[in-house]
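2 protein chains.
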Amino acid sequence: MPGKLKAKYIQSLGQKKHRDEEGLFVAEGPKLVAELLGTSRENIQELYAVKEWIKENSHWIKIPVTEVSESELEKISQLKTPNQVLAVLKKFETGESITTKGKISLVLDTIQDPGNMGTIIRIADWFGVEQIICSEDCADIYNPKVIQATMGSIGRVKVFYTDLNKWLNLQKGIAIYAALLEGKDVRKVGVLKEGLIIIGNESKGISDNVLNFVNEKITIPQKGKAESLNAAVATGIILSHLT
Amino acid sequence: MPGKLKAKYIQSLGQKKHRDEEGLFVAEGPKLVAELLGTSRENIQELYAVKEWIKENSHWIKIPVTEVSESELEKISQLKTPNQVLAVLKKFETGESITTKGKISLVLDTIQDPGNMGTIIRIADWFGVEQIICSEDCADIYNPKVIQATMGSIGRVKVFYTDLNKWLNLQKGIAIYAALLEGKDVRKVGVLKEGLIIIGNESKGISDNVLNFVNEKITIPQKGKAESLNAAVATGIILSHLT
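Residue numbers (this note's numbering), protein chains in the order written: chain A, 19 to 261; chain B, 19 to 261.
Among these hints, one or two may not hold up.
If several chains are the same, the list does not tell them apart, and a pair holds so long as it fits within one copy or across any two.
As the list claims (entries may be wrong) - No more than 16 angstroms apart at the CA atoms, straight line, and that leaves these computed lysine to aspartate or glutamate pairs for EDC-like: (1) K49 - E245; (2) K241 - E148; (3) K243 - E148; (4) K108 - E40; (5) K49 - E220; (6) K34 - D158.
Bear in mind the hints are in silico, worked out from the structure with no lab data behind them.
Hey, can you work out the whole structure from these sequences and the hints?
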């Protein structure tokens with residue numbers, strides 16, 4: 019069972035500053051932890067679980083688990099209702115260089131809502147998009163709310179943070195698409211083999227600097243009167259038509 | 019300014035029981051209230067706003083507003099961060115009978131997450147779907163979290179609650195589609211002029227009883243490894259292909 023200082027330390031990983039300092043993050047709940055045991059076992063540094071979870075899972079997990087009581091779990095959890103198991107993981111290594119040839123990459127400009135960010139990672143994983151390039155002001159993928167919303171897809175999709183202007187400036191000879199309120203009907207673009215697809219902030223859209231790099235503007239035709247679509251929903255629709 | 023008892027009364031509309039008793043609900047924030055002033059002015063019973071909002075809007079709203087201070091607004095608000103204006107509205111009248119001929123209707127089976135529910139209403143509005151039929155255990159559309167997530171689309175889309183088994187049993191001669199993990203590729207179904215599209219609960223899927231009524235199973239092909247798509251994202255993708 020984690021001591022008082024250790025509990026405080028694990029709790030502190032709810033904040034970006036501490037995650038960055040330690041290079042660690044937290045994932046919780048049986049479903050998510052089981053997924054991460056599948057995709058990212060080597061990243062798991064510590065595992066805390068209640069007796070019930072250990073009893074059901076000890077035969078296959080093959081890594082040490084610390085048993086905790088419900089109330090101890092509550093002290094280290096980021097969730098309102100702690101859920102059986104908590105893992106402390108090393109952040110994923112993305113490597114230095116981003117290769118965009120021969121594949122589709124998502125580019126996120128200022129997606130700040132953690133739920134949207136996590137849902138977008140899950141959508142990318144559903145459609146087989148392997149990497150996401152984010153502006154530096156996007157929500158942190160290791161934010162507990164993002165992690166929970168990814169439902170385990172975080173272990174399968176590479177996410178990079180970079181200065182989008184500088185990075186886009188270096189991308190030569192690749193098609194750059196952007197989801198906008200006006201542009202070519204997404205149903206008429208066809209299936210892509212390669213390209214960058216930029217998704218912008220729901221209320222502010224895509225920033226002017228980033229727009230300069232766009233070769234093709236695409237849109238989801240509006241038939242009714244809603245003012246906008248949620249950024250994650252728009253991403254799902256676009257990937258469904260273009261992949 | 020609302021007295022203590024009035025404030026308590028408005029606050030109580032955060033709970034379904036009180037909304038049902040009073041036939042009222044609450045909507046907050048400049049954007050949402052402006053939309054509802056456009057679509058549903060006749061439903062607005064009371065309007066509370068800070069001085070700043072009144073100054074900017076009094077010239078066009080043409081209904082009485084009660085000025086409140088920030089701290090008074092906090093006492094009647096359902097939001098963590100109250101946002102300038104709060105409206106108390108009469109619930110929408112949907113009428114008795116649901117007509118499904120010649121149009122596309124969404125049918126929701128046990129969509130319980132308020133954020134998903136609100137986002138689905140907004141998606142329906144985007145794609146021109148005018149009505150949604152919900153099982154009785156779906157989230158209440160007048161739940162403050164649903165209302166906020168609809169971004170004003172609540173005033174344009176009709177939402178009915180009913181016993182889905184009984185209701186579906188009465189639907190003769192209309193195509194009934196359902197979004198499932200296996201079925202016909204959504205990209206090959208084509209555009210529909212008429213039909214019911216059933217969306218199920220994200221973790222439990224569509225209930226067996228409801229499945230019995232389905233004529234055509236449709237699916238969003240999975241190319242990667244994510245286990246599922248969020249129900250609202252799936253709705254967006256399906257409507258984008260079928261409308």
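Up to 16 angstroms CA-CA - E245 versus K49, copy category: between (35 angstroms within a copy, 11 angstroms between copies)
Intra- versus inter-subunit Cα pairing at 16 angstroms for K241 with E148: between (32 angstroms within a copy, 11 angstroms between copies)
Within, between, both or neither: K34, D158 at alpha-carbon 16 angstroms: within (7 angstroms within a copy, 35 angstroms between copies)
Alpha-carbon proximity between K243 and E148, which holds within one copy, between copies, both or neither at 16 angstroms: Between. Shortest inter-copy distance 11 angstroms satisfies the 16 angstroms Cα cut-off; intra-copy 34 angstroms does not.
Same-copy or cross-copy closeness of K49 to E220 [CA-CA at most 16 angstroms]: Classified as between: cross-chain Cα gap 14 angstroms, same-chain 30 angstroms, threshold 16 angstroms.
Alpha-carbon proximity context of K108 and E40, limit 16 angstroms: within (9 angstroms within a copy, 52 angstroms between copies)
Hint compliance for this structure: no hint is broken.
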